[in-house]
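Enquirer: Okay, here's what each chain looks like letter by letter:
Protein chains: 4
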Amino acid sequence: MISPGTQAPTDTADRQRALERKARENSITPFWTVVDQAHPTEPLSKLVPYVWRWPLLRELLDEACAVVDTSDGKAERRAFSLLNPGLGGRYGTTHTLISGVQKTMAGEKASAHRHTPDALRFIIEGHGAYTVVEGEKIPLRPGDLVLTPSWRLHDHGNEPDSQMVTWMDALDVPLVNLLDASFFEQFPGRAQALTKAPEESYHRYGVGHLRPSWEGVPDGLPSPLLVFRWEQTEEALRRLAQVDADPFDDVALQYVNPFTGGAVLPTIDCWIQMLRPGMHTRAHRHTASSVFHVVRGRGYVVVNGERYDWAERDFVVLPNWAWHEWVNLSDSEEAILFSVQDRPVLRALGLLREQALETNDGHQ
Amino acid sequence: MISPGTQAPTDTADRQRALERKARENSITPFWTVVDQAHPTEPLSKLVPYVWRWPLLRELLDEACAVVDTSDGKAERRAFSLLNPGLGGRYGTTHTLISGVQKTMAGEKASAHRHTPDALRFIIEGHGAYTVVEGEKIPLRPGDLVLTPSWRLHDHGNEPDSQMVTWMDALDVPLVNLLDASFFEQFPGRAQALTKAPEESYHRYGVGHLRPSWEGVPDGLPSPLLVFRWEQTEEALRRLAQVDADPFDDVALQYVNPFTGGAVLPTIDCWIQMLRPGMHTRAHRHTASSVFHVVRGRGYVVVNGERYDWAERDFVVLPNWAWHEWVNLSDSEEAILFSVQDRPVLRALGLLREQALETNDGHQ
Amino acid sequence: MISPGTQAPTDTADRQRALERKARENSITPFWTVVDQAHPTEPLSKLVPYVWRWPLLRELLDEACAVVDTSDGKAERRAFSLLNPGLGGRYGTTHTLISGVQKTMAGEKASAHRHTPDALRFIIEGHGAYTVVEGEKIPLRPGDLVLTPSWRLHDHGNEPDSQMVTWMDALDVPLVNLLDASFFEQFPGRAQALTKAPEESYHRYGVGHLRPSWEGVPDGLPSPLLVFRWEQTEEALRRLAQVDADPFDDVALQYVNPFTGGAVLPTIDCWIQMLRPGMHTRAHRHTASSVFHVVRGRGYVVVNGERYDWAERDFVVLPNWAWHEWVNLSDSEEAILFSVQDRPVLRALGLLREQALETNDGHQ
Amino acid sequence: MISPGTQAPTDTADRQRALERKARENSITPFWTVVDQAHPTEPLSKLVPYVWRWPLLRELLDEACAVVDTSDGKAERRAFSLLNPGLGGRYGTTHTLISGVQKTMAGEKASAHRHTPDALRFIIEGHGAYTVVEGEKIPLRPGDLVLTPSWRLHDHGNEPDSQMVTWMDALDVPLVNLLDASFFEQFPGRAQALTKAPEESYHRYGVGHLRPSWEGVPDGLPSPLLVFRWEQTEEALRRLAQVDADPFDDVALQYVNPFTGGAVLPTIDCWIQMLRPGMHTRAHRHTASSVFHVVRGRGYVVVNGERYDWAERDFVVLPNWAWHEWVNLSDSEEAILFSVQDRPVLRALGLLREQALETNDGHQ
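These protein sequence lines map, in sequence, to chains A, B, C and D.
Note that the first sequence covers residues 1 to 364 in this note's numbering.
Note that the second sequence covers residues 1 to 364 in this note's numbering.
Note that the third sequence covers residues 1 to 364 in this note's numbering.
Note that the fourth sequence covers residues 1 to 364 in this note's numbering.
So that you can see chain A by itself, here it is in the shape it has in the complex (with noise of 0.2 Å):
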């Protein structure tokens, strides 16, 4: 017999399940039986760091072009996606971004298309594809990015008698499906009007520090400049080298808006880097992810203590939170890397977070 106002112990602890039951039938949890799980000390990537070589991209994109059909304009069919393995199979190459490569052939032509996810190109080989985007024709060459920003009508084809044209893509689509924020509008029709000049954004823009003097800064997040050229990127990382440098990246140039300064789309950052040669640079992690393509030269990137060889045209993802440091493995060429990370997407909610590696002198 229990007395009054005291309990057995085993009354409190059964009381206590019963009360948790009752709480999860009605579609509430007891926060004390989850709060470890719900606030983890640190992030838990499930990313794995990987690089997907580029003898057997080039190997899938040329089969590609021998036996998948896009003759009734899918030319997204000549396209692969990487996959982060550590994703069990999610569609990503990191949590928040998907990055793959592509092949257009001459006289193709793709569909035009919008959607809420952002995305880019950065052109890997060949002369003679472009990309129309909102009416503006841009024609692509090796080294040259170019953005298609959330919802602008946008698609692609490849002059006859051109070569074969070779690209990066990158889309935040992992992001704006964990927002549940995606939209997809085919466009009625083939292809869009040409209603711009060409490379029209180019003409206006291309010199970041001088703008129409009739226009104030231009509205929207996404940069009004959509192609960005790689003699002007090349320029930039020579000129930056001679005055200074990244201990952790190097010669490191972000792609910004001109009028702004702001990242060239609101979800992804766009950067170039030169690691100069023999370069070995310090260790640090943050809270973004990313994903390199090596534009030139070969090295390797110890991340949480492992190497990871890299040679040109490679790709290389880049878990957040995740120690790394970078390396050239030659003495006399610069090797030089584009990459695209969820940093503003970080930095615009407060979470982006950086720590340099204090011990062993910044090496792992």
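Read the hints as simulated data drawn from the structure, not as lab findings.
Treat the hints with care, as some may be off.
It does not matter which identical chain is meant; a pair holds if it fits inside one copy or across any two.
[Said to hold, decoys possible] The calculated lysine-lysine pairs, modelled on BS3-like cross-linking and capped at a C-alpha distance of 27 Å, are:
{"hint": "1", "residue 1": "Lys109", "residue 2": "Lys196"}
{"hint": "2", "residue 1": "Lys46", "residue 2": "Lys74"}
{"hint": "3", "residue 1": "Lys46", "residue 2": "Lys137"}
{"hint": "4", "residue 1": "Lys22", "residue 2": "Lys46"}
{"hint": "5", "residue 1": "Lys196", "residue 2": "Lys74"}
{"hint": "6", "residue 1": "Lys109", "residue 2": "Lys137"}
{"hint": "7", "residue 1": "Lys74", "residue 2": "Lys22"}
{"hint": "8", "residue 1": "Lys74", "residue 2": "Lys137"}
{"hint": "9", "residue 1": "Lys22", "residue 2": "Lys196"}
{"hint": "10", "residue 1": "Lys196", "residue 2": "Lys137"}
{"hint": "11", "residue 1": "Lys46", "residue 2": "Lys109"}
{"hint": "12", "residue 1": "Lys109", "residue 2": "Lys74"}
Go by the hints and put chains B, C and D onto chain A.
Expert: Only chains B, C and D this time, still in chain A's reference frame:
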């Protein structure tokens, strides 16, 4: 008959299958096999509308007061989180937000900690509890909104001999975990020192159009004002009701950082909303998801054609991209709703979209 | 002896004089003849500190009520402007600001007009007057600050059977005329229509941390909130006094646009300031000039080593770049000062500079 | 005899005169006596349009090289300032801006100094000169624009054995003196140390859409890029000419801070403008005043109905609020104009206004 140099259809199909297999074996997916799943034509929310009734929540809280032991400073044990039935047990009231209720008893003290998720409290009933944020002790009174922004050290307690106090919690834990950017730190020692005057931020910034002359616009994303007093909130509702209202949300106010006009937290928008007696609003939908707490009154909301009734102190979750319209069932009393929304996340990333229902005079 | 090809000093001097003459005849000045005047080593203010005493101002206003005819709607005839004695008759209390006093009588109405100078009123005494700004009628009560920003149509009046009402006016007329950007337009018709609710901006934005949910940050430079009520101002002073103060200005608050944190007008900063009983501040100087109105109390200000006493309702002008420190002569009563300053002009143009007096413990 | 309660008209007039006198004796002006002068209905510019011809300027510069001694480091002695004939000898090309020309000879060095006025140079001819700004040495080439923002230490010189170099100077000295905010400091020692790489800001920021990855948007009002190279400027003009133009200014570009989109200096806007062969623009007017330097070509500008011809290297001043339209007199050659404007001052203070001429097809 097949001429030399061409291929039988079966060969091509075989080769394509082989190509796809080889890609997949190498952590690569042929884009043409996933394009439709990757790009939904519009959001496919797994969230369902749901109402948690106050009598049940109160019963659970009271039973927890009786049976859950918090004597070791783990007052978080007296909290319940509302799980959206559509998420299959995943921790979230929506895909980005978690909300719940919590009750503290006289003399209790929670231990201090900090985390990257943004958090806030909206006080439901009782006097005598307080929250401490970065050395500032803030007494809690019914109707007050109190912020504990990302990585600010916070703890809470309840004065001896005071009333039991119940509040609503809301955090962006699901979002932070989707982005894998959770950091959590227990404070070494039970309670932090009170380094600031009580309610200092309220004394400093509580009249939003007057700022200490020696300060510029405060740095950082969250509001420097940490407590929003109910008497000011209610006064603002009454004033606005005299001059304007919104067709979809009636007399609705956003809590803002008084020196930037931005949301009070970079990831969570807080609103207070008055449905005037007899009000039946028009329907719209938006990519933001939200959780409502009924401060006062009774009514219903029609979500995607179905009616959900609510009464005082209930909690209501509204999925993203769901049509909804509000009804106050009283012809004489106003209804007041407090809500949290993930709107600033979508706005910052260029993904906020809103649509009014055009048919049937705006009604479902 | 002078060798061929050289010149006798006198020749050179002659040629230089001829050169200078020729330049001047062609609207060109040799820079070397003016460099020192063009580039003073520090500001050479012509402004002098000065105190206008309330008894005199009241006498003038009362006499103007008796003898100046405003029956034709020219109520501006009952206003006086304070001219800085250092400006030699030029229209300005400082080089950028003009301030003055105005009195209206029951039943009077001024005619509506608008102008590019920014203007504001701070009410000194009396009830029953009102200002109309762009269709919004704003009743004026002692201690209220009311804005009539650039090019907003405004008029004012005094209800029949009301009290006589006296206020302080302040405008940036001298600045606008220095920049030669004055536009003025008389409204065709005596009074504008009341197209908005009374005090609409106060109802809409009067609680500075709550904003109608359907509005973004309001466009434009001036504050969307047009009236700042004394009871809020006084409450803010009392609250701030509990937690912090400035060594130079004691308990000082800047009125700000509640949605941008900027000055309420792009050219005029308004401050309210409490000198606590017995307070003697430290001295500093800044490139901003200001005009003070004593809301309450008595004391003195030491400007460049000289003492200037002031009492309730007096007006005090403080030149730019003049050392100054404030003293409240009462040990039991606080003194309260309202002021206007050209600080936002200097800040926007990169010319705001401030210096603390380092010697003698910060005292002149 | 005057009956009680009434006044003879003459008495009232006498009393009003006495009142006005008493006010004036006390540094107070009756507003009704000055209202019209204080509030002009539109700008009453004292400025006149004027053209300074290059042959005269060159002659003066050459003679100054012969007769003005700069051996003591006062190379500013070889500069001439253009005074607007309408200002009666006051120092200013407009009421806010001063422009002029300067010539340096091989081996000369000016002494280092800094001042609060913003300054810039646009190079007219010659190679071999340089400017040093805060430790960064910038070689000057024809067509380059070089900034020396407020309070940045600067000096200049001309290498031994180099050419004579001539440039245009422009500063906001008149504005800074109107605001009485001039500070000037001679550097103790002749030349400052070269603490940065040559043209460091150009190496760092010269491609305006790429920024060192470790830097955020640079602080402060002026552009962090200090030199704008002619080859980039000319390329931008050619590109823009292919896609768009303005009806009033033809192919016109504003130099901007590449990371904020703002004017390169907080008080001075710089433009480069191409009038295509045969162009005759439409007329407009604005509250900004400007000074033009003809980089190339010949034509005229119609100002308030009068024609002012100009040819290569001439200087033209355009008053504020003056109707103006531009004509290129050549049918085969383009004309190029560089200009400085006080537009950012007026914009920051809410005083920028622009009006197109509606009559006669937009022509005076």
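Enquirer: Evaluate each hint against the coordinates.
Expert: Going through the hints against the structure:
no., hint, in the structure
1, Lys109 to Lys196, "within (19 Å within a copy, 51 Å between copies)"
2, Lys46 to Lys74, "neither (33 Å within a copy, 30 Å between copies)"
3, Lys46 to Lys137, "neither (40 Å within a copy, 39 Å between copies)"
4, Lys22 to Lys46, "between (33 Å within a copy, 24 Å between copies)"
5, Lys196 to Lys74, "within (25 Å within a copy, 54 Å between copies)"
6, Lys109 to Lys137, "within (13 Å within a copy, 51 Å between copies)"
7, Lys74 to Lys22, "between (53 Å within a copy, 22 Å between copies)"
8, Lys74 to Lys137, "within (19 Å within a copy, 55 Å between copies)"
9, Lys22 to Lys196, "neither (63 Å within a copy, 42 Å between copies)"
10, Lys196 to Lys137, "within (8 Å within a copy, 42 Å between copies)"
11, Lys46 to Lys109, "neither (38 Å within a copy, 36 Å between copies)"
12, Lys109 to Lys74, "within (8 Å within a copy, 63 Å between copies)"
Checked against the numbered hints given earlier, the structure breaks hints 2, 3, 9 and 11 and satisfies all the rest.
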